[in-house]
Amino acid sequence: MEGRKKVKDEVFHLNTPLLESINMSKRVGTTVYLKMENTQPSGSFKIRGIGHLCQQLARHSKGVICSSGGNAGMAAAYAAQKMGVPATIIVPSSTPPLVVQRLQDQGATVKIVGKVWDDANTEALKLAETEGLTYVPPFDHPLLWKGHASMIAEVTASLGPSVKPGAVVVSVGGGGLLCGVIQGLKDVGWTDVPIVAMETVGADCFNAAVKAGKLVTLDDITSEAKCLGAKTACKQVFDYSQSSELTIISELVTDQQALHAIQTFLDEERVLVEMACGAALAAVYSGVIVRLQNEGRLPALLGPLVVIVCGGSTINMEQLTYLKHKLQS
Amino acid sequence: MAEVFHLNTPLLESINMSKRVGTTVYLKMENTQPSGSFKIRGIGHLCQQLARHSKGVICSSGGNAGMAAAYAAQKMGVPATIIVPSSTPPLVVQRLQDQGATVKIVGKVWDDANTEALKLAETEGLTYVPPFDHPLLWKGHASMIAEVTASLGPSVKPGAVVVSVGGGGLLCGVIQGLKDVGWTDVPIVAMETVGADCFNAAVKAGKLVTLDDITSEAKCLGAKTACKQVFDYSQSSELTIISELVTDQQALHAIQTFLDEERVLVEMACGAALAAVYSGVIVRLQNEGRLPALLGPLVVIVCGGSTINMEQLTYLNVCHA
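In order, the protein sequences belong to chains S and L.
Going by full-length UniProt numbering, the first sequence opens with residue 1, and the numbers climb by one from there.
Going by full-length UniProt numbering, the second sequence opens with residue 1, and the numbers climb by one from there.
Any given hint could turn out to be false.
Unchecked claim - So, partial list: chain S residues that the calculated Cβ filter (under 10 Å) puts toward chain L:
hint	residue
1	Val11
2	Leu14
3	Thr16
4	Pro17
5	Ser25
6	Gly29
7	Met36
8	Asn38
9	Arg102
10	Thr109
11	Lys111
12	Leu127
13	Leu266
14	Leu302
15	Ser313
16	Asn316
What the hints assert, rightly or not - In silico lysine to aspartate or glutamate, EDC-like type, Cα no more than 20 Å apart, as pairs:
hint	chain 1	residue 1	chain 2	residue 2
17	S	Lys324	L	Asp260
18	L	Lys19	S	Glu245
19	S	Lys226	S	Asp119
20	S	Lys26	L	Asp98
21	S	Lys231	S	Glu245
22	S	Lys324	L	Glu122
23	S	Lys231	S	Asp105
24	L	Lys157	L	Glu147
25	L	Lys224	L	Asp112
26	S	Lys324	L	Asp213
27	S	Lys186	S	Asp239
28	L	Lys75	S	Glu20
29	S	Lys324	S	Glu245
30	S	Lys231	S	Glu123
31	L	Lys228	L	Glu311
32	S	Lys214	S	Asp140
33	L	Lys224	L	Asp213
Unchecked claim - Chain S is nowhere near these chain L residues, computed Cβ spacing over 12 Å in every case:
hint	residue
34	Pro85
35	Ala201
36	Val318
Simulated from the structure, these hints should not be mistaken for lab results.
We treat Cβ as the ideally placed atom computed from N, Cα and C, and that holds for glycine.
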């Protein structure tokens, strides 16, 4: 591959398509727009925030280090490669060989440490300090949120000056994407646009915190939506949930509903996304939006819905078959 | 009104395809266009030029051209009429109607529908949208090459461009686009499937030929005669167009591999282009000396297409795996 210059102002993410989904619009009764973050380099929205963070912190660094084998790791590896700095990804031994291979194909050095993510993360933080590497957090950093916020500015431009969303639908893992969306809505003066924040049962740290009125730590992640699998939401997203200035509606779907969503999306929109993304899509396919309207929590006459299709590359046809066997029997 | 209806689609590097070919492979993701395929580029441009104050547009394609015509007409606020033969699946009719078009079922095969569309265009004063044979279509399609240039940056030139060929509209657009940016020396690998190979047949015969029938499952490549312009291009010494064929099995394998590795489901017609990588056509052309051994980056046009779903994929597997 040809070499890349370190360009100070270069962004690594793309202005992704905003596509109207006729099928989803029919289901909801209002126009549904899909922000296709699955078409980002490295396969998910994460390149926005991680690209921004790396540009700000890692430009003259000895390299970046990350403890995610998933989409954050792929984004970190991609950003580092574009910047011409080394990337080290620490993963636990439970990580599938295919994941390790994909990270290596993206130019990263992969080290296998410990049995669970916490072990890998502890090692990553340690090496960041001892080796002088830039640590790339998965979701809890203002630079990540600032990077993610760019998607809302793009949505504004795509919709045109006279169109305002009736609501935005996002998946929530640790809250990084949600913080970015909120930041983006603030930037364009749309803080009154409600956000429907979707999680799966068993990977619902944000919903648990909202219900408890304080941050909680889940004992375990029991959902198949592994990429939503943060045990504790970040403090910023919890603070947002308590703010009277914002309308954040925290909802849950089951793994079965998330799976049904990714199957329907594949069939009707011809794109295969992860279960984590399916949580957001299920807001439409499993009638969450319509129920919220019936409950009076969203307006009956709803403006256009903007669904963030976060994407995710840790899914393939074999994984889809596995999920079907596990969840549908 | 200067509005264009198509998007500047992502150009994505495919690591998996790059490993297979031994050079960087970029994918121009035309599947992410509104209406599901690259066709909105040319049809959007043609409608903007010809249909702005028209009584409406009329088209005889139930497939991607029809969807693009319906979409463009809806954006322009003019009526769209799509004439389709009775063999058209109800799902296709429904999708066109959902896009705001009036659908009329006429005749048994495409030729019947097209004759009716041309007739109504004249009697009703509607703007006829041709599927592939019009300079305005090619000019519209050409925009994708300008975008590729901008995405690659000033110091990167493709080693080759890979496209699927039906009637030749996309290929003409790609050639137009390469001319516009001064890249006429970039070879084009023009892919078709056996049984939907009117361009390859013309190149082999040294003249335009009309196929008796379309026997490939890649129905969207199913033009029986290539357009004259694309044949003329194939005879030009200024251009390097390499016409290659793959089987339906190879196109099917390509769309399954693409779905598994790139997480996008495309039509068989698109699979023909992808099979240039997955079935080793590029590597073979290098071994034969028809492409350089040290090849610059490959740009594959992922034309997309919306007449595919999981049921159709299952059907194709049952018939052709």
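Discussion item. With the threshold set at 20 Å, check whether the alpha-carbon distance from Lys324(S) to Glu122(L) stays at or below it.
Written reply: violated (53 Å)
Worksheet item: Do the alpha carbons of Lys231(S) and Glu245(S) lie within 20 Å of each other, as the hint requires?
Response: Between Lys231(S) and Glu245(S) the Cα gap is close to 26 Å, so the pair fails against 20 Å, i.e. violated.
Worksheet entry | Hint status (Cβ of Gly29(S) to nearest Cβ of chain L, threshold 10 Å) | violated (14 Å)
Worksheet item: Is Lys224(L) within 20 Å of Asp213(L), Cα to Cα?
Response: holds (7 Å)
Item to complete: With a cut-off of 20 Å on the C-alpha distance, tell me whether Lys26(S) and Asp98(L) pass.
Response: holds (9 Å)
Worksheet item: Beyond 12 Å from chain S, beta-carbon-wise, is Pro85(L)?
Response: holds (23 Å)
Worksheet item: Any Cβ of chain S at or closer than 12 Å to Val318(L), or is the non-interface label fine?
Response: Non-interface label on Val318(L) holds, nearest chain S Cβ at 16 Å vs cutoff 12 Å.
Worksheet item: At a threshold of 10 Å, is the proposed contact between Leu266(S) and chain L supported by beta-carbon distances?
Response: Where the cut-off is 10 Å and the nearest Cβ of chain L is about 6 Å from Leu266(S), the hint holds.
Practice prompt. Decide if the proposed pair is consistent with the structure: Lys324(S) and Asp260(L), CA atoms, cutoff 20 Å inclusive.
Written response: holds (16 Å)
Discussion item. A closest beta-carbon separation below 10 Å is what the hint needs, so does Pro17(S) meet it against chain L?
Written reply: holds (4 Å)
Fill in: Minimum beta-carbon distance criterion (10 Å), Ser25(S) to chain L
Where the cut-off is 10 Å and the nearest Cβ of chain L is about 9 Å from Ser25(S), the hint holds.
Worksheet item: Taking only the CA atoms, is the gap from Lys228(L) to Glu311(L) under or equal to 20 Å?
Response: The hint is violated at about 36 Å.
The structure shown violates the earlier hints numbered 1, 6, 10, 11, 12, 14, 18, 21, 22, 23, 26, 29 and 31.
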